[in-house]
Amino acid sequence: MPILLLDLPSEILILIFSSLGLATLTSCLATNRCVKSIIDGSALLQYRLAAQAACVEDNPGSIQIDSAHKLEMLQRRQDRFKRLSPRTIRTIELDDINLDGCKYALSGSIFAMAELDTKVLIWLSLANPEPVFQRLEVPGYIQDLALAIPDQDLLVVVLSSKPVADQPFVSDVAVELRFYEMSTQSGHPMAREHVMHVPSSGGRCPDIFESDICGPKVALLGNYYNRATRSWMFVYDWRSGCLLKSFSDCSYSAAVLLSPDVVLVTPKYMDIIEMWTVSDDIAAGPNISLLLPPPVEGAMYEIFNIGSEPKGYGSSPSQEPFYSSFTDSNIGLEIDFLFNHDLDRDESLFLVISRRALLQLLPPVEFHGKELAWKVWGPPIAHWLDGPSSWQSICGQRCAFAGPSGIRLVDLNPHEYKKAISGPTKIQTRSEAIVSLRNENRTIGVGLFAEEVRSHLGYLVAESVQDAYEDVFVGEECIVGLKNGLAPDSKKSIDIWYFG
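Numbering follows full-length UniProt numbering, in which position 63 of the sequence shown is assigned residue number 63; successive positions increment by one, without gaps.
Since the hints were derived computationally from the structure, they do not count as laboratory data.
You may find that some hints are simply not true.
[Claimed, not checked] Okay, the calculated beta carbon distance ranges per label pair: (1) 243 to 32: 43 to 49 Å; (2) 272 to 243: 23 to 29 Å; (3) 372 to 227: 33 to 39 Å; (4) 139 to 491: 31 to 37 Å; (5) 187 to 18: 36 to 42 Å; (6) 279 to 228: 39 to 45 Å; (7) 451 to 491: 43 to 49 Å; (8) 357 to 91: 24 to 30 Å; (9) 285 to 441: 47 to 53 Å; (10) 283 to 40: 55 to 61 Å.
[As the list claims (entries may be wrong)] Cut-off 27 Å, straight-line C-alpha distance, at most; resulting in silico cross-link-like pairs (DSS-like, lysine-lysine): (11) 162 to 36; (12) 370 to 82; (13) 82 to 245.
Virtual Cβ for every residue (Gly too), placed ideally from N, Cα, C.
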């Protein structure tokens, strides 16, 4: 005699339903009243629905928190971020810290910063109710830093043997990567070697260093302000110490690891991005090239910044109840437009692209080297943003800008947007913030592109109206706002907006 699905005990049905994706589980709600009653009555399934819609993943290590409590925590955090209404705001003064020429990193609950060409990195734990800056002294001159918290509890610091910032034509400089366990500030126990020496070309030291982490891989790009000078890039397995890929004479301005196996790079001053598989031979060329909309005549692209967070699959023993999904996160490219006949003209746009969708564009072996036009690949998976200032920070589905009057927080989560489009297009939520919608099918960058470019994806924007910062950084549970103290009645400080 056949057994009907609904004849099974509800406990078994809940386990079955909990393995389903968001679209399938949502469809089940409309199947019949019995199924809907089971889903609506299960805290586990309600949490699963909310977590998938928020593009976060459950942390199975947080076993001391039940599903009902996790659901409540997630809903509160989502609502606070949506309204840009933090639970608390804490201020830390920075009297003894020089903010000029600093590098910053925010990952998990750790915020770190270091002034270029110094030997001291300072950091604080945002999870601490009374956060205090701590110091980490390093045996070289800091050129860049990267964090992978909570994914690896990893701090990567790029060090040089000589100061190089604002000192052109410095040569004979040794460059190294150091791998620290952030919780102990000692050498990372998973790294076979805590110091990795970067091969030297023997020529001039790069002006700019950019590092990125993804799981067991770390990428390092060395670049130059001079347009004619070639750059270089290396991809390592930081755990084994092996060099996996070397671009010793390339022309790239920025790079990001889309996954442990795929790196995305932007050729200098070109309207194109490339994706390479780390394991493939350099001679084979990129796996795929994605064309961007061409700029107007007399202009060209300059991309010096690509942001991404988180940096892996959340494999650390963190006790956080949930964390942003790596697969469902976005990457963000800051695109500056350079004009040959108007050197003072300053125009920027920000292109934010789904990580999952980019990886799905990788062609099979027989189509290696494929090239796709923007109109073919871009509109369904990319957002164009006209932020008020230079790119600052991205985490999961959110990205933040420091505007002239306050913070602008952009939420690109498609599920949040779908919920919001049935409401008013502009909502005054409190005296300090305004939430609004950016609808689909908008013309972008008028006067910047040689052809009409339209943005087909909508998003939510929350804007504070009284909290002006020079830099902002968005993380899992907070926004960090940085003030340089130059404005009247302003002190050099950071504000920690906590939304958890």
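Hint by hint, here is what the structure shows:
1. 243 to 32: 43 to 49 Å: violated, 58 Å
2. 272 to 243: 23 to 29 Å: Since the Cβ atoms of residue 272 and residue 243 sit about 26 Å apart, the hinted range of 23 to 29 Å holds.
3. 372 to 227: 33 to 39 Å: violated, 27 Å
4. 139 to 491: 31 to 37 Å: Cβ of residue 139 to Cβ of residue 491: about 33 Å, so the range 31 to 37 Å holds.
5. 187 to 18: 36 to 42 Å: holds, 40 Å
6. 279 to 228: 39 to 45 Å: Violated, at about 31 Å.
7. 451 to 491: 43 to 49 Å: At 47 Å between Cβs, range holds.
8. 357 to 91: 24 to 30 Å: At roughly 39 Å between Cβ atoms, residue 91 and residue 357 fall outside 24 to 30 Å, so the hint is violated.
9. 285 to 441: 47 to 53 Å: Violated: the Cβ-Cβ distance is about 35 Å, outside 47 to 53 Å.
10. 283 to 40: 55 to 61 Å: holds, 57 Å
11. 162 to 36: Distance ~65 Å between residue 162 and residue 36 Cα, so the pair is violated.
12. 370 to 82: violated, 39 Å
13. 82 to 245: Not satisfied, since the Cα-Cα distance of roughly 41 Å exceeds 27 Å.
Going through the hint list in order, the structure does not satisfy hints 1, 3, 6, 8, 9, 11, 12, 13.
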